[in-house]
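Q: Those protein sequences? They're chains A and B, same order as listed.
Counting from 30, one number per residue, gives the positions in the first sequence under this note's numbering.
Counting from 30, one number per residue, gives the positions in the second sequence under this note's numbering.
Hints may be right or wrong, so weigh each one.
As the list makes no split between identical chains, a pair holds if one copy fits it or if it spans any two.
[Said to hold, decoys possible] Derived pair list, reagent style EDC-like, types lysine to aspartate or glutamate, alpha-carbon separation capped at 20 Å:
#1 Lys-170 / Glu-239
#2 Lys-40 / Asp-106
#3 Lys-84 / Glu-258
#4 Lys-40 / Glu-52
#5 Lys-293 / Glu-214
#6 Lys-293 / Asp-277
#7 Lys-326 / Asp-206
#8 Lys-100 / Glu-69
Keep in mind that the hints were calculated from the coordinates and are not lab data.
Residue strings, one per chain:
2 protein chains.
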Amino acid sequence: MVRAKTWTLRKHFEGFPQDSDFELKEQELPEPKDGEVLLEAVFLSVDPYMRPYSKVRMKEGDVMIGSQVAKVLESKDPRFPVGSYVVSNCGWRTHSICTGEQLEALLSNWPENIPKSLALGTVGMPGLTALYGLTEVCEMKPGDVVLVNAAAGAVGSVVGQIAKIKGCKAVGCAGSDSKVAYLKEMGFDEAFNYKTVSSLEEALKKASPEGYDCFFENVGGQFSTVALEQMKPFGRIAVCGCISVYNDVTPQTGPYVHPQLLFKQLRMEGFLVYRWKHKNEESLKQLMTWVKEGKLKYREHITAGFANMPRAFMGMLKGENTGKAIVKA
Amino acid sequence: MVRAKTWTLRKHFEGFPQDSDFELKEQELPEPKDGEVLLEAVFLSVDPYMRPYSKVRMKEGDVMIGSQVAKVLESKDPRFPVGSYVVSNCGWRTHSICTGEQLEALLSNWPENIPKSLALGTVGMPGLTALYGLTEVCEMKPGDVVLVNAAAGAVGSVVGQIAKIKGCKAVGCAGSDSKVAYLKEMGFDEAFNYKTVSSLEEALKKASPEGYDCFFENVGGQFSTVALEQMKPFGRIAVCGCISVYNDVTPQTGPYVHPQLLFKQLRMEGFLVYRWKHKNEESLKQLMTWVKEGKLKYREHITAGFANMPRAFMGMLKGENTGKAIVKA
Numbered sequence: 030m031v032r033a034k035t036w037t038l039r040k041h042f043e044g045f046p047q048d049s050d051f052e053l054k055e056q057e058l059p060e061p062k063d064g065e066v067l068l069e070a071v072f073l074s075v076d077p078y079m080r081p082y083s084k085v086r087m088k089e090g091d092v093m094i095g096s097q098v099a100k101v102l103e104s105k106d107p108r109f110p111v112g113s114y115v116v117s118n119c120g121w122r123t124h125s126i127c128t129g130e131q132l133e134a135l136l137s138n139w140p141e142n143i144p145k146s147l148a149l150g151t152v153g154m155p156g157l158t159a160l161y162g163l164t165e166v167c168e169m170k171p172g173d174v175v176l177v178n179a180a181a182g183a184v185g186s187v188v189g190q191i192a193k194i195k196g197c198k199a200v201g202c203a204g205s206d207s208k209v210a211y212l213k214e215m216g217f218d219e220a221f222n223y224k225t226v227s228s229l230e231e232a233l234k235k236a237s238p239e240g241y242d243c244f245f246e247n248v249g250g251q252f253s254t255v256a257l258e259q260m261k262p263f264g265r266i267a268v269c270g271c272i273s274v275y276n277d278v279t280p281q282t283g284p285y286v287h288p289q290l291l292f293k294q295l296r297m298e299g300f301l302v303y304r305w306k307h308k309n310e311e312s313l314k315q316l317m318t319w320v321k322e323g324k325l326k327y328r329e330h331i332t333a334g335f336a337n338m339p340r341a342f343m344g345m346l347k348g349e350n351t352g353k354a355i356v357k358a
Numbered sequence: 030m031v032r033a034k035t036w037t038l039r040k041h042f043e044g045f046p047q048d049s050d051f052e053l054k055e056q057e058l059p060e061p062k063d064g065e066v067l068l069e070a071v072f073l074s075v076d077p078y079m080r081p082y083s084k085v086r087m088k089e090g091d092v093m094i095g096s097q098v099a100k101v102l103e104s105k106d107p108r109f110p111v112g113s114y115v116v117s118n119c120g121w122r123t124h125s126i127c128t129g130e131q132l133e134a135l136l137s138n139w140p141e142n143i144p145k146s147l148a149l150g151t152v153g154m155p156g157l158t159a160l161y162g163l164t165e166v167c168e169m170k171p172g173d174v175v176l177v178n179a180a181a182g183a184v185g186s187v188v189g190q191i192a193k194i195k196g197c198k199a200v201g202c203a204g205s206d207s208k209v210a211y212l213k214e215m216g217f218d219e220a221f222n223y224k225t226v227s228s229l230e231e232a233l234k235k236a237s238p239e240g241y242d243c244f245f246e247n248v249g250g251q252f253s254t255v256a257l258e259q260m261k262p263f264g265r266i267a268v269c270g271c272i273s274v275y276n277d278v279t280p281q282t283g284p285y286v287h288p289q290l291l292f293k294q295l296r297m298e299g300f301l302v303y304r305w306k307h308k309n310e311e312s313l314k315q316l317m318t319w320v321k322e323g324k325l326k327y328r329e330h331i332t333a334g335f336a337n338m339p340r341a342f343m344g345m346l347k348g349e350n351t352g353k354a355i356v357k358a
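Can you build the whole structure from these sequences, using the hints too?
A: Have a look at this one:
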């Protein structure tokens, strides 16, 4: 018999999440039945989407949603032998019972020297998000100028590097000088700290005087208003996230986007990574190849201890992480 | 020697246009040279785009931009014989000298019983705008629910009817009860007066409880915020115009569109009709065929007299027209 710890949503977030919105619980898990496996979390993910999804996908008392890399402790599904590693969407839990259908095996031949936590980042959902946003939504072509904000985050850092791999100019912004240094290290052509520039408009103009073909949008809000003005005709905006408005109690407002969209014939599209699930296997292999070749660098911001998950989540929402925010169980 | 009257932009509009922003001038025209023709305006168009384009395409003193159906009075271009009719983009002028390159001949075999002014409306730029917005931008499929605002206008009235021709449900809104009656006459499935409904949200829900696949946007502003909330997942928004903000001195603001776009994976795209110029010949024939078959009904709001062009233009911006606003010279 295994005792599992879980983090539940005690109270729906109002504004920025607080410690008291979370509750740590324990439960005894039964033995796995036929077709089930018992998992132990190794790495857990905290991601921006959890904030808006808490409103629509969860009720108070539910276990917090999320994915993890887990080790199989017991197995009644031959596809997932004891000792193997899987990615599971079972939420903020130290241990869980899942059916095989809920699991993805880790990419086969995962190299020894590459941390398995990358299956939650560069070679996982955030990496796929970057890839699909650029290729499927922005329809990025060689020579395009690509703008990405929250560029030192799990998704943004991959966006800029894929743009470079595909022959584009990558411009990134982030919220601290050390993040900006990291962007340059990763090969971004231009990078700046949006919190310290005197004018975002001027900074964007300086980084690309001719404007932007693609804008990978992670932030929303005021940033988007200024960036839209800098798009070239027929520019494409992939709306991947809008972290600046997730904690709004009353929605922030800004100028309507219509005139910008209309006269420059811009296309702005929201997307969720699951739309291209049928391509994931091939895409994950591609991401792993780039990692192994050194073309895709990564950093992780690791918080130790399952007990610290809320703190890691809130820190990520504040932008404390450079690279993917991970909790090591 | 012909004396031409022209309407010029005396002063850039500030807010809603005023009589004093326009100035009527006269000028003597020279004889047409080789390759040129002398035109006399028969019908002139007033369109919403003239308001925003005045800011970016005109300087004070310029002749107001716009298209007209004109008769060839003298010709030194054998493609446009004396007595034939053309569509010219020469602006608000009673007479003009143009080169053949600036002209489009009227569709050949134009039926006697169909007014030539339709070349400025249903079988012209506004008709093409409706067609391309639905087929190219919205990628409308049979069975889709299509929403259009300013639905009794030159473009909107064609949008709803093409939606019906292509097997879709058409929902339209307009700003008066007589316009709503006209929408029903044209075969819209649902139509309402957005000025008198107690709640736009409720009216949209009642017209299509399951939401909207396509939204042909002519208005922008607050309407768009409410309409976006009613889009189905993977909905498409074709931004054709935003007449509600054209006269803003300081831009109106509303909630950022990102959360709606993101979580429903909506696509919002601005477009200008000229993008599909290569398809115009075929498309105009299609529009004319529908008109002749009685599938595409039309109405025109005709103002008599070139002297009244500013009044016709301002009236159109206020929504005084049902169907295409035309000035008969």
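Q: May I ask which of the numbered hints given earlier this structure violates, with the numbers listed in increasing order?
A: 2, 5
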